[in-house]
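A.B. asks: Whole structure, please, built from the sequences with the hints as guidance.
Quick note: the sequence shown, position 437, residue 494 per the numbering used here, numbers continuous.
Calculated from the structure, these hints are not laboratory results.
Hints may contain errors.
[As the list claims (entries may be wrong)] Using 25 Å as the maximum straight-line C-alpha spacing, the simulated SDA-like pairs for lysine to any residue come out as follows: (1) 529 to 516; (2) 493 to 362; (3) 407 to 336; (4) 202 to 348; (5) 492 to 529; (6) 134 to 348; (7) 248 to 437; (8) 203 to 107; (9) 203 to 248; (10) 492 to 507; (11) 529 to 107.
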Amino acid sequence: MLFNSIEFAVFLPLVFLIYWLLDNKDVKYQNIFLVVASYVFYGWWDWRFLFLIAFSSFVDYYVALLMSKTESNAKRKVFLLMSLIINLGFLGFFKYYNFFAESFANAFTLFGSHFDPYRLRVVLPVGISFYTFQTLSYSIDVYKKKLTPTNDIFSFFAFVSFFPQLVAGPIERATHLLPQFYKQRKFDYNKANDGMRQILWGLFKKIVIADSMAYYANTIFNNYADHSGSVLVVGAICFSFQIYGDFSAYSDIAIGTAKLFGFELMRNFAYPYFSRDIAEFWRRWHISLSTWFRDYLYIPLGGSRGTMLKKVRNTFIIFIVSGFWHGANWTFIAWGMLNALYFLPLLLSKRNRQNTDIAAENSFLPNFKESFQILTTFIMTVIAWIFFRAETVKDALLYLEGIFDRSLFTYPDVMPHRKLLVVAVFVFIEWIQRKKTHALDIQKEIPYRFIRWIIYCLLIFSIMWMGGIKQKFIYFQF
Numbered sequence: 058m059l060f061n062s063i064e065f066a067v068f069l070p071l072v073f074l075i076y077w078l079l080d081n082k083d084v085k086y087q088n089i090f091l092v093v094a095s096y097v098f099y100g101w102w103d104w105r106f107l108f109l110i111a112f113s114s115f116v117d118y119y120v121a122l123l124m125s126k127t128e129s130n131a132k133r134k135v136f137l138l139m140s141l142i143i144n145l146g147f148l149g150f151f152k153y154y155n156f157f158a159e160s161f162a163n164a165f166t167l168f169g170s171h172f173d174p175y176r177l178r179v180v181l182p183v184g185i186s187f188y189t190f191q192t193l194s195y196s197i198d199v200y201k202k203k204l205t206p207t208n209d210i211f212s213f214f215a216f217v218s219f220f221p222q223l224v225a226g227p228i229e230r231a232t233h234l235l236p237q238f239y240k241q242r243k244f245d246y247n248k249a250n251d252g253m254r255q256i257l258w259g260l261f262k263k264i265v266i267a268d269s270m271a272y273y274a275n276t277i278f279n280n281y282a283d284h285s286g287s288v289l290v291v292g293a294i295c296f297s298f299q300i301y302g303d304f305s306a307y308s309d310i311a312i313g314t315a316k317l318f319g320f321e322l323m324r325n326f327a328y329p330y331f332s333r334d335i336a337e338f339w340r341r342w343h344i345s346l347s348t349w350f351r352d353y354l355y356i357p358l359g360g361s362r363g364t365m366l367k368k369v370r371n372t373f374i375i376f377i378v379s380g381f382w383h384g385a386n387w388t389f390i391a392w393g394m395l396n397a398l399y400f401l402p403l404l405l406s407k408r409n410r411q412n413t414d415i416a417a418e419n420s421f422l423p424n425f426k427e428s429f430q431i432l433t434t435f436i437m438t439v440i441a442w443i444f445f446r447a448e449t450v451k452d453a454l455l456y457l458e459g460i461f462d463r464s465l466f467t468y469p470d471v472m473p474h475r476k477l478l479v480v481a482v483f484v485f486i487e488w489i490q491r492k493k494t495h496a497l498d499i500q501k502e503i504p505y506r507f508i509r510w511i512i513y514c515l516l517i518f519s520i521m522w523m524g525g526i527k528q529k530f531i532y533f534q535f
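C.D. replies: Okay, here's the thing in structure tokens:
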């Protein structure tokens with residue numbers, strides 16, 4: 058079920074109403090209802106995948122209980138290994154089997170042999186990478202004794218399948234989200250009001266920004282050989298705003314929807330295109346995934362401890378694995394390696410933690426140095442996105458080759474000026490709201506209710522005007 062669909066527009070109010078009618082009952086009934094609603098939401102795509110998420114939930118629920126009943130480290134490792142093998146086994150089977158089979162066959166071809174591997178014709182379960190990492194974090198935290206395993210199976214199943222963030226995150230930790238299912242929840246008007254504003258901003262980003270940019274990005278990338286260098290630059294920038302508007306929109310809608318039900322999800326985006334270096338960008342982009350890899354892979358590998366060689370090794374591992382998490386294609390691995398190369402000078406010069414504040418924190422506009430840093434970081438990010446978007450690494454390299462041509466200095470007449478104006482307004486709004494968790498947190502800045510409602514109505518009108526084509530969210534494929 059898509060957030061930007063008629064089905065969800067009916068589903069959400071209905072679930073909201075029934076959920077709060079259960080307000081005076083035991084919290085268990087609310088949790089059971091959330092499990093049912095979440096399974097309906099997820100099963101809307103393909104009901105067969107419900108067995109997969111249910112089985113994964115059962116495994117991690119009982120593995121954690123088994124770990125809690127023994128003090129033997131050897132037994133605890135065996136139980137953790139069971140969770141890792143089953144969860145990562147499902148992920149590998151559905152997502153990576155064909156990739157490894159084809160790569161293996163290509164390796165044979167290099168040595169003059171022919172090998173035709175058996176390829177699976179399976180549909181990738183929606184959001185499998187997200188809920189797999191969510192359940193794994195629970196098992197790992199229980200193993201490390203950072204978390205006491207729950208005996209409440211309904212709370213755990215609700216935690217794994219919670220529909221606002223089930224399909225594309227944020228990837229929640231059990232230490233943060235699971236305890237919220239134990240508590241009695243009362244309707245909070247202010248929280249729900251803020252949630253509705255965040256949902257509205259998310260829908261605006263998805264429909265008005267991401268989907269409109271998707272048209273130009275797809276047109277240009279699919280026919281890159283026919284376009285001038287300047288048009289290819291426009292295509293890369295369009296994709297940069299498409300993927301940001303699309304993915305951060307999902308997080309905004311997810312976080313806002315969770316607030317309607319009394320839950321707080323972690324922030325997943327913090328205006329990443331205003332970053333002054335790549336390290337800051339990765340502290341602001343897909344925060345739930347970046348911190349997951351930091352805590353469950355980077356730090357166990359040694360993190361920033363040890364020799365500089367080990368730090369470099371760990372950095373490359375984390376970025377390459379992050380790229381591979383996104384999809385079974387060498388383009389994602391190339392994207393991860395390129396970001397690691399971007400990060401390397403900062404690591405070697407020990408400047409990877411230099412920009413931990415907000416750009417132009419004490420002024421309206423950035424100074425020349427910050428402006429240059431933001432622009433440079435954005436250009437580097439756009440170049441990396443070319444590998445992310447291209448069908449093959451060869452296509453990405455040819456796309457870059459097409460950019461650095463004399464035609465780069467021609468005028469790219471491919472987009473109506475009103476589209477550019479909308480994107481410019483969007484960037485301006487996010488800039489002035491960069492200290493807020495979302496751009497429609499305007500209660501203090503605009504104390505007059507009628508002005509706020511004018512803004513809301515303008516956003517709703519633009520969403521309805523641009524909402525002719527219903528596009529899936531990009532990260533559904535991951």
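A.B. asks: Confirm or reject each hint.
C.D. replies: Here is what the structure says about each hint:
1. 529 to 516: Between residue 529 and residue 516 the Cα gap is close to 20 Å, so the pair holds against 25 Å.
2. 493 to 362: violated (34 Å)
3. 407 to 336: At roughly 11 Å apart (the allowed maximum being 25 Å), residue 336 and residue 407 satisfy the hint.
4. 202 to 348: Distance of about 19 Å is within 25 Å: holds.
5. 492 to 529: violated (29 Å)
6. 134 to 348: holds (23 Å)
7. 248 to 437: It is violated: about 37 Å lies between the C-alpha atoms, which goes past 25 Å.
8. 203 to 107: Violated, at about 29 Å.
9. 203 to 248: violated (29 Å)
10. 492 to 507: Distance of about 24 Å is within 25 Å: holds.
11. 529 to 107: holds (20 Å)
In summary, the structure is inconsistent with hints 2, 5, 7, 8 and 9 from the numbered list given earlier, while agreeing with the others.
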